[in-house]
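Sequence order for the protein chains is A and B. Numbering of the first sequence is given in the working numbering, commencing with residue 1 and proceeding in unit increments. Numbering of the second sequence is given in the working numbering, commencing with residue 1001 and proceeding in unit increments.
The hints are simulated quantities; they were obtained by calculation from the structure and are not laboratory data. All figures in this text were calculated on a predicted structure; none of them were measured in a lab. Careful, some of the hints might be misleading.
The calculated BS3-like cross-link candidates involving lysine-lysine, where the alpha carbons are at most 30 Å apart (straight line), are [unchecked claim]: (1) Lys68(A) / Lys56(A); (2) Lys68(A) / Lys105(A); (3) Lys1007(B) / Lys105(A); (4) Lys54(A) / Lys5(A); (5) Lys1065(B) / Lys56(A); (6) Lys1065(B) / Lys105(A).
With beta-carbon atoms standing in for the labels, derived distance ranges [claimed, not checked]: (7) Phe1075(B) / Glu42(A): 16 to 24 Å; (8) Thr1079(B) / Glu42(A): 22 to 30 Å; (9) Pro79(A) / Gly1052(B): 45 to 53 Å; (10) Asn67(A) / Asp1026(B): 36 to 44 Å.
Note that the Cβ used here is the ideal one computed from N, Cα and C, for glycine as well.
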Amino acid sequence: DQQVKQNSPSLSVQEGRISILNCDYTNSMFDYFLWYKKYPAEGPTFLISISSIKDKNEDGRFTVFLNKSAKHLSLHIVPSQPGDSAVYFCAASAPQAGTALIFGKGTTLSVSS
Amino acid sequence: SAVISQKPSRDICQRGTSLTIQCQVDSQVTMMFWYRQQPGQSLTLIATANQGSEATYESGFVIDKFPISRPNLTFSTLTVSNMSPEDSSIYLCSVAGTVYGYTFGSGTRLTVV
Chain A
1 DQQVKQNSPS
11 LSVQEGRISI
21 LNCDYTNSMF
31 DYFLWYKKYP
41 AEGPTFLISI
51 SSIKDKNEDG
61 RFTVFLNKSA
71 KHLSLHIVPS
81 QPGDSAVYFC
91 AASAPQAGTA
101 LIFGKGTTLS
111 VSS
Chain B
1001 SAVISQKPSR
1011 DICQRGTSLT
1021 IQCQVDSQVT
1031 MMFWYRQQPG
1041 QSLTLIATAN
1051 QGSEATYESG
1061 FVIDKFPISR
1071 PNLTFSTLTV
1081 SNMSPEDSSI
1091 YLCSVAGTVY
1101 GYTFGSGTRL
1111 TVV
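Chain B with its partners taken away, still in its complex shape (with noise of 0.2 Å):
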């Protein structure tokens, strides 16, 4: 399966603000997908990211907000913008798999302050 190496793990941000998190797949794949897990709840999709196209936004979620990036078939980014408290969450990318199911990062831990 693939491996995912996602960044920055975690990191305290000024409300206002925006962070970027990066996401490195070690193979070539299609679709990545953006998850966001607030705390106590499920994962919830933010987007999905194809190479070469528009991200497609799931309901309750905005490109100004939340801008994607995908500029190759390995490489991905998500930018939380103007950031408040309520954006604090996990954020985690993933790819699908094959066998062995989809595989995530990391996730990264944002606190928004």
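Pulled out of the complex, with its shape left as it was, chain A reads as follows (with noise of 0.2 Å):
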């Protein structure tokens, strides 16, 4: 039974435009999510999180929305760049300490110029 889930598994954007991948979840206790980018023959390099008592976090281009009562967030990315082109992962963990994350599948954002 997965627990986090990204059911797109590729998502083609221009460049400048915006880019929203979402994830859903099922665990209700999560209470911290955070999105993950991975380039080919490198590990996961950390983008944002959010806490489950926030509905938004913004890092300059990134945004995270978290939507508790639906069980869903999204990465908003804008203008997206080529350069944002690799495998994005949602990721979830709950509140007990040192609990690892639970994953996503991963989207494939593509950004052609």
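The task is to assemble the complex, starting from two chains supplied on their own in separate frames and drawing on the hints.
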């Protein structure tokens, strides 16, 4: 049973437009959500996170929105750049100390110039 | 955030052999996590490694197949034993961060032939 779901395996966007990556979760105990970006042959790198007590967190071109009632979060990238082309993973953790992250399957974003 | 050095970055191994993956962290951490990413799949937690105690394995993973060592607070190894082609994956170690989220090693791409 997948607790974190990214239902779109891929997304193609033109440079300068907005990229919206979606993520759904089923475990209401999750209290912290993260987005990671992964390039081929590299480990995932942290992008942005949001605590369950917030509904929005912004960092430069990246904004994460959390809708707890819908158990849904999204990552907005605006404006999208070709260097943003990568696999994006949504991850969640429960409140127990030292809990490992639970990941979605990832969405491959392709930004064309 | 912590910096993790993981090696080897990739290897091609014969079935029936074993491979040990090493992760070195530049700071002391209590918990380290080992993940596997099979082709087209999400990152799946294999086990949580605490220094000075037995690793805790997730459902579907056993110590005989994936023995883990954690001799000190900056180092851990994961061994993939008696390998078969189904073990071909990317293996990643991770440590929990604070403000900047969990940090990952660069990954080990294993191909079993």
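Hints versus structure:
Pair hint Lys68(A) plus Lys56(A) holds up; C-alpha atoms about 11 Å apart against a cutoff of 30 Å. Straight-line distance between C-alpha atoms of Lys68(A) and Lys105(A) comes to about 20 Å, which keeps the hinted pair within the 30 Å bound. Simply put, Lys1007(B) and Lys105(A) have alpha-carbon atoms about 24 Å apart, close enough for the 30 Å limit, and the pair holds. Taken as a hint, the Lys54(A) and Lys5(A) pair is honoured in the structure, with Cα atoms around 20 Å apart against an allowance of 30 Å.
Restraint check: the Cα-Cα separation between Lys1065(B) and Lys56(A) comes to about 42 Å, which exceeds 30 Å; the hinted pair is violated. Taken as a hint, the Lys1065(B) and Lys105(A) pair is honoured in the structure, with Cα atoms around 24 Å apart against an allowance of 30 Å. Between Phe1075(B) and Glu42(A), the C-beta spacing of about 21 Å keeps the proposed range 16 to 24 Å intact. Checked against the hint of 22 to 30 Å, the C-beta distance between Thr1079(B) and Glu42(A) comes to roughly 23 Å, which is consistent with it.
Take Pro79(A) and Gly1052(B): their Cβ atoms lie about 49 Å apart, and the range 45 to 53 Å holds. At about 37 Å, the beta-carbon gap between Asn67(A) and Asp1026(B) stays in the expected band of 36 to 44 Å.
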